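The primary structure of each chain is shown beneath.
Number of protein chains: 2
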Amino acid sequence: MIPPRTVRERAFAHVADTREMTVNRVIHNGCVGLSNHRKGDSMRPDFGRGDGLIRAIAQDAESRAVLMDAYMNEEAFDETVRTRRVVYFSRTKQKLWRKGEESGNIQLVREIRINCNRDSILLLVEQVGGAACHDGYHSCFYRRFRDDGELEVIEARVFDPAQVYERKGNQ
Amino acid sequence: MIPPRTVRERAFAHVADTREMTVNRVIHNGCVGLSNHRKGDSMRPDFGRGDGLIRAIAQDAESRAVLMDAYMNEEAFDETVRTRRVVYFSRTKQKLWRKGEESGNIQLVREIRINCNRDSILLLVEQVGGAACHDGYHSCFYRRFRDDGELEVIEARVFDPAQVYERKGNQ
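If you read the sequences in order, they're chains P and L. Here the working numbering is used: the first residue of the first sequence is 715, the next is one more, and so on. Here the working numbering is used: the first residue of the second sequence is 715, the next is one more, and so on.
Treat the hints as calculated values from the structure; they're not laboratory data.
Mimicking EDC-like on lysine to aspartate or glutamate, the simulated pairs with C-alpha atoms at most 20 Å apart in a straight line are:
id	chain 1	residue 1	chain 2	residue 2
1	P	809	P	765
2	P	807	L	833
3	P	807	P	793
4	L	809	L	792
5	L	809	L	765
6	L	807	P	765
7	P	807	L	765
8	L	809	L	788
9	L	807	P	833
10	P	809	P	793
11	L	809	L	793
12	P	809	P	789
Computed from a prediction, not measured in an experiment: that's the story for all the values here.
If we strip away everything but chain P, and leave its shape as in the complex, we get (with noise of 0.2 Å):
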């Protein structure tokens, strides 16, 4: 039998051809049901607030750096949980961002953490190439605000972009 659909599933309900399939999609990735710290807590981000889209983070999983962060929308979420790949959504294009495809440095998922409020997740990568940055360095947050404001490279580049990237695309 097929329970309510309460407010949160219906949040994300329009990506689901029949609702057999969405309430199975929802017992799949844990959402019904309770989480182990705190009573009607939902497992899944919260993609009912922000348009849809919740932020996400890539920290390093051996170097600890902060790499990036970007967005996702439920697809991208879902088919990054699913490949163990990382796929954001880009709010400029609009269309899902295989992280990677273009310069071949994708990120392979270690673990997913969210957070308190479910609008934000962090992912652990394992980051092919070394760099995450189009600029060519380990980490988009590659400078630094020194004492005087101004800004200061911290990083060695690991690629040049021009050798990349035959045009401006995707990172």
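Fit chain L to the given chain P structure using the hints.
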């Protein structure tokens, strides 16, 4: 002599009372002039996109844990730089959110980094009290997805929220 305004300068001119103030502030913050790695690059975060907000990620300078992520408007960013205490902008409450105001768990700035697109900053912080999360954990990302899709708490609580917050308020 005041140079002509660039598009980027205009983007945050609304917060200054006079054109002179704007230009002085811009110069003080290193926006006029060239970055040390790419011609024409500005040294300010780009508040011109995303409703005047940038994303801000806090990483513990010691444990390297990603503690939380939130947003900043220009006022929050400037106060953070000036006071070396992290100030976010609460989108829910539409006002400055001085982190730790209620709990005492403030974040002291060790370093500020900026990403390639200048729409996101990474704060390396000293987390006073040891917990960034209003649920009482070191990190807001205190739960991970297990292989079966269930959530698992992976940290021990640093404090009991019921004893820290009289009412559900800012973190």
